[in-house]
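Peer 1: Each chain, letter by letter, is given below.
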Amino acid sequence: MSIDVKFFASLREHVGTDSVTIDAGRVRTIHDCWQLATQSADLPDNTLCAINMQYAKLDAAVEDGAEVAFFPPVTGG
Amino acid sequence: MPATIVTHSFVPWQALEQHQTTLPTGSFGACANFVGSMRDFNAGDEVSEMTLEHYPAMTQHYLDELCGTTIAQWQLVDALIMHRVGIIRPGEAIVLTAAWAAHREAAFAACRHLMEELKSQAPFWKKELTPTGERWVHNAPSEK
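Which chain is which? The protein sequence lines are Z and B, in order. Read the first sequence against the working numbering and you will find it ends at 77, with the numbers running on by one and no gaps. Read the second sequence against the working numbering and you will find it ends at 144, with the numbers running on by one and no gaps.
Honestly, the hints are just simulated from the structure, not real lab data. Treat each hint with caution, since some may be false.
[As the list claims (entries may be wrong)] Below, simulated EDC-like cross-link-like pairs (lysine to aspartate or glutamate); rule was C-alpha separation at most 20 Å, straight line:
(1) Lys144/B <-> Glu65/B
(2) Lys6/Z <-> Asp32/Z
(3) Lys6/Z <-> Glu53/B
(4) Lys127/B <-> Glu13/Z
(5) Lys144/B <-> Glu117/B
(6) Lys127/B <-> Asp18/Z
(7) Lys144/B <-> Asp40/B
(8) Lys6/Z <-> Asp45/Z
(9) Lys144/B <-> Asp45/B
In this text the structure is predicted, and so the values were computed from the model without any measurement.
Model the full structure from these sequences, guided by the hints.
Peer 2: See below:
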């Protein structure tokens, strides 16, 4: 009953870690994951999120065993 | 339809030629390609080095899917994406996109689509080193 939460780029520096495992029973949405994994740190306005490698919105539901990621706007290419 | 994340310096023209030799002879009449390389300046500052970070599993998944949907949309013979990660220096290639099609219209449109989608969706992030230190890059919509 756990969810892996990952942080990338400036978001990793913002929260001070690259990943946290949280109790799936204590969260319902991606936003809940942020709150629990970061101990309610400020969430930057332009933050992007993904569930299992697919873009998702903050209010998207999260299942047990999911991988949730938070990151800033992308700058590849 | 390979999408490859590259951890070392690569020569895009060699990669392009190498991949084209794997395609059936005579199956395409057009190949359009785009190569993006690192500048030694950005936003008015010198840039001596850049680190490209990514979200490995999502990046590969996204680029594979992008190749597949682009091939289907423009009925391409094939498509290719190569993208660097890690430490990059000025002059080195960052990205290569290519599209092989029967005719140029599809090849040009598909190649552009690959690049624009990658720029706006693929989870890569650039951090550049300037004389005053490191900073994360923010894309300016006007710089295309």
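Peer 1: Decide, hint by hint, whether the structure agrees.
Peer 2: Each hint tested on the structure:
no.	hint	in the structure
1	Lys144/B <-> Glu65/B	violated, 23 Å
2	Lys6/Z <-> Asp32/Z	holds, 14 Å
3	Lys6/Z <-> Glu53/B	holds, 14 Å
4	Lys127/B <-> Glu13/Z	holds, 12 Å
5	Lys144/B <-> Glu117/B	holds, 12 Å
6	Lys127/B <-> Asp18/Z	holds, 16 Å
7	Lys144/B <-> Asp40/B	holds, 17 Å
8	Lys6/Z <-> Asp45/Z	holds, 18 Å
9	Lys144/B <-> Asp45/B	holds, 19 Å
The structure fails hint 1 only (numbered hints given earlier).
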